[in-house]
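Residue numbers (the numbering used here), protein chains in the order written: chain V, 94 to 351; chain B, 94 to 351; chain Y, 94 to 351; chain W, 94 to 351; chain U, 94 to 351.
Don't take each hint at face value.
Just so you know, same-sequence chains aren't split out, so a pair can sit in one copy or run between any two.
[Claimed, not checked] No more than 30 Å apart at the CA atoms, straight line, and that leaves these computed lysine-lysine pairs for DSBU-like: (1) K157 / K182; (2) K302 / K237; (3) K167 / K302; (4) K199 / K266.
Keep in mind the hints are simulated off the structure, nothing from the lab.
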Amino acid sequence: MDLATLIGLIGTLGAILTAIMMGGSFGIFVNGPGVMIVVGGTLMVVLMKYPLTVAAHAMKAAAKAFLNKSQTPKELIEKCVELSSIARKEGVLGLEQVEIENEFLKRGVMLVVDGSDQDFVRKMLSNDINLTIERHEEGQSIFKAIADVAPAMGMIGTLIGLVQMMSNMSDPKALGPAMAVALLTTLYGAVIANAIASPIADKLALRSKQERMNKSLILEGIAAIQAGLNPRVIEDLLKTYLPVNQREFAKEEKSEAA
Amino acid sequence: MDLATLIGLIGTLGAILTAIMMGGSFGIFVNGPGVMIVVGGTLMVVLMKYPLTVAAHAMKAAAKAFLNKSQTPKELIEKCVELSSIARKEGVLGLEQVEIENEFLKRGVMLVVDGSDQDFVRKMLSNDINLTIERHEEGQSIFKAIADVAPAMGMIGTLIGLVQMMSNMSDPKALGPAMAVALLTTLYGAVIANAIASPIADKLALRSKQERMNKSLILEGIAAIQAGLNPRVIEDLLKTYLPVNQREFAKEEKSEAA
Amino acid sequence: MDLATLIGLIGTLGAILTAIMMGGSFGIFVNGPGVMIVVGGTLMVVLMKYPLTVAAHAMKAAAKAFLNKSQTPKELIEKCVELSSIARKEGVLGLEQVEIENEFLKRGVMLVVDGSDQDFVRKMLSNDINLTIERHEEGQSIFKAIADVAPAMGMIGTLIGLVQMMSNMSDPKALGPAMAVALLTTLYGAVIANAIASPIADKLALRSKQERMNKSLILEGIAAIQAGLNPRVIEDLLKTYLPVNQREFAKEEKSEAA
Amino acid sequence: MDLATLIGLIGTLGAILTAIMMGGSFGIFVNGPGVMIVVGGTLMVVLMKYPLTVAAHAMKAAAKAFLNKSQTPKELIEKCVELSSIARKEGVLGLEQVEIENEFLKRGVMLVVDGSDQDFVRKMLSNDINLTIERHEEGQSIFKAIADVAPAMGMIGTLIGLVQMMSNMSDPKALGPAMAVALLTTLYGAVIANAIASPIADKLALRSKQERMNKSLILEGIAAIQAGLNPRVIEDLLKTYLPVNQREFAKEEKSEAA
Amino acid sequence: MDLATLIGLIGTLGAILTAIMMGGSFGIFVNGPGVMIVVGGTLMVVLMKYPLTVAAHAMKAAAKAFLNKSQTPKELIEKCVELSSIARKEGVLGLEQVEIENEFLKRGVMLVVDGSDQDFVRKMLSNDINLTIERHEEGQSIFKAIADVAPAMGMIGTLIGLVQMMSNMSDPKALGPAMAVALLTTLYGAVIANAIASPIADKLALRSKQERMNKSLILEGIAAIQAGLNPRVIEDLLKTYLPVNQREFAKEEKSEAA
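Make the full structure from the sequences, and use the hints.
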């Protein structure tokens, strides 16, 4: 998991726990049947929604998305410009020897080296982008499903607790604690949804978006290399993937090259 | 129904029942008029929304989606590559003898064997995909309708119970149990929506998505076979429908073939 | 109104009424000012949203959608195949004499008979489809507006009742009945929205979708006839509008014809 | 403001006021700080969302949309047919003398008279349609913002009232009236949102849609005139913008002309 | 921050504070653990959703959007017309000397001066527009995330408070104040979401929309200049980006020029 997410997760749960501790005993916030109905029920419902293999793959993809650091667009642009220079000097076959870290760029370059025609390369790489996105969306959607189901299970738990409490009101003193226990499942559901599952789904969506942008950049770079464009033109073209204030690095290199 | 859905459904209802049992008697959670207004009312409203024939077809399609195991993309790719090899050696007429399990692939191959031109084949198969999806969506939408209507019916039942309770508050001791009964319909609605109807709708959506991807893969495969592409090129093309880590099988075969 | 909708409507209201009756007197559920604020207020707000002429047209369209039974795709396909056979034998002018029940198909055939060119025919019919859909959507949107506004008016009524009740709490015994009355408007709003307006809007949407599919089928049929395609090819093309299990009728006819 | 909207607005507020009056004194529904927080707070938040100039322009556009009666599609079709007859007889220059009420049609005709080429005319008019729609959407979005913000401000007011009430519960008799006052802001927010702002936003959306349809009709008419199409063909083409039952007028004229 | 937003923010918070003050002591609305769980928890969850660098960039972009006054479309049209006159007289190379305030227009002109072909210029500038919008959307989405998370954190805080209160109801007199404290976090969440974060997100969206419209205008202007269109034609073309009543300025200039 990347650091920001980890810090955020610990910080969020910390804020909630501190608020609980400041109000007194922690014990009153623990309730076995409540945990079972919210956590167990949510997992069971998610199992109904997604087959185990999909869930396992999605989890793996999510873990990878958190652990692997994706390259910055800047690094990718520099790599593309370097590749285009080589292709210009030695022809596309010269690209075969170049060491390329990024998997997707590597596959694109291999297609070019194999002499595939431009439409085929574009189609292959576009397909690849679309399918990657679909798999990423599966990962997000599982966490979104948890964020949807947990509060519903919490509400079901609270309703069960309220019905039990109100069916038997012989001891008025027991009402308060019984109501407290009934509310706990709603609290569990809200915490699971808002403090854990929903932020992870959003972080995965952001990662997916960054990777899609990176891959679009690479796709355009590969197309430009295959079209035999001038490295400087390619650089100008790809620079538009950067915020205006980060485009300068390119100009400096250009003036050095000049 | 597929195993994961069945386990999930039993698990969810089990978690809810266990929570009920731990709190005491099961009897207080059963209420005739409540069941009638939520279950009966929901079915009646769904009948208003969908004519019987649509509902029956949709149910059949849903049942089929649960029971039939769809082929994996990997199997389909292998089949397409095999077909393209045959078409290369014996011409497309040679495909007539090949045994094909998948209905949609079979229909596509028949169209090719009949000598239909490429645009016609693509149009026929695309139409087929779109209409299949529309029919699948009908099935999902019925379960989504149940998930929408049940909580509303639950709320209507609770409002009726509250009005009855508060119109006659002569016996304060009866208030609690009356309130408990009033809340039961909200509980029924929440359980039907969140633990049964909504997960089934989502599972159907997932199945529909998988089938659409399979059919897109087949459509592309058929087009490639008809265009007379090299089996290895077809394999590369269709491999993009697989996650990166599952693409290796192809390479191994390739090296064996080499 | 079609039978399923009528049965559903009666069944839903019946379920609600039965639940009310089982709890005691029906009288406590009737409240004049409550009916006025929810029913009257909802109608007035809908009048603000839609001018009278639009509302009247939409109601007429809705009534027609309920009363007229649309033809099945199967019947339309058979008709298109029949027309294409005639057009093949006698030329498109031969179509002038054929009796055609379906208004839209008739208009399309007339355009073909008049010798309009293909793009013009397609444009005319496409425009027609889009505008029909727009008018249908108006009808749906009025019922959707009722389903949106009624619960809001119900909430406003309940808030008014609660404010009145709590401003004057001198007689504790009157609290219960006053609260019951306040809740009634919320109940009215929920019933109007969920048991009447929303299902009707959804049924209209379904009808509109069926009609759009029928018209798309006809549009494709007309285009195929005008292009002079073989009746058997047209049949194959249009059969994709049917579920797989309904396509057989065509094959039987084919074998008989052979 | 058009009559239906005005009647609807008065009727809605009338229904609410009547319900208030039937329950007793009107005075208990007036609360200074409550009005301030809901009305003042809502206006301030809307000011944060939209700069003053945008708000002023939007209000002006909204007022104009209510006051100006837009022409019916029927009138526009008749005008386009008339213009095409003139253009046929006297050439497009003959259109310069024709008096045209509709601003947008006039601008289109002027472009044709100036001899602009077809693509340019279409681009100019399409741009115009898109920008008009964008400005209309601004007007709607301000009323939608009011409908979103007012209930939130009402809830904030109620929460403030509840906190104040519960912090000081020394006099149990004051609880009821204090609670009543706290609920008032929620009532204000609900009335502003559901009975005023939301219906006006919807009416503006409807107007905008009608104007867009009118302008699309004109755009198609201008293109047809410029292409030198036969007036009868143009009539047939534009008639598709009318509901089927309103198309007859054209046929009558045709038979008279014949 | 622009003046309207600042006034709106102060006004909104002022209305809320006044309502609090009129009801008595301000002190009862301050609660340390409540602030911690809502403000702290919200920031932590947002940190989970967005990495720090994204958040920092987005904040900077937001600040810039508030501080920089974007040029009016009118000014941009005048500039484009001026540039096209120069390009007509001195050729596109003459544009190199012209001083251009707007960054995006400047970049476009530089591309034209460099002799890039039309498709390349359009692609570069379109890319630029899309990426600017994406970065703006990141800024909005952070404020939208705050508006989503704060009420959820408020609800979690209230649930914690209620559970603590009801677990220990030995002193009935403490119930009111404890309930008041529990409600405070809901109030904090509502104020942060509705009075601060949500309006800022909407204002940023409006700014982004204005900038996109400006950039579209410039893109069209650049394309027209490169195509060598007549300055008057360019003016007519770009005028469609203005509301009808603002288009007159151009005509006056035209008649002066005549």
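Hints and how they fare:
1. K157 / K182: neither (37 Å within a copy, 43 Å between copies)
2. K302 / K237: So K302 and K237 pass the 30 Å test inside a copy (16 Å) and across (18 Å) alike.
3. K167 / K302: The answer is both: 16 Å in one copy and 27 Å across copies each meet 30 Å.
4. K199 / K266: neither (70 Å within a copy, 72 Å between copies)
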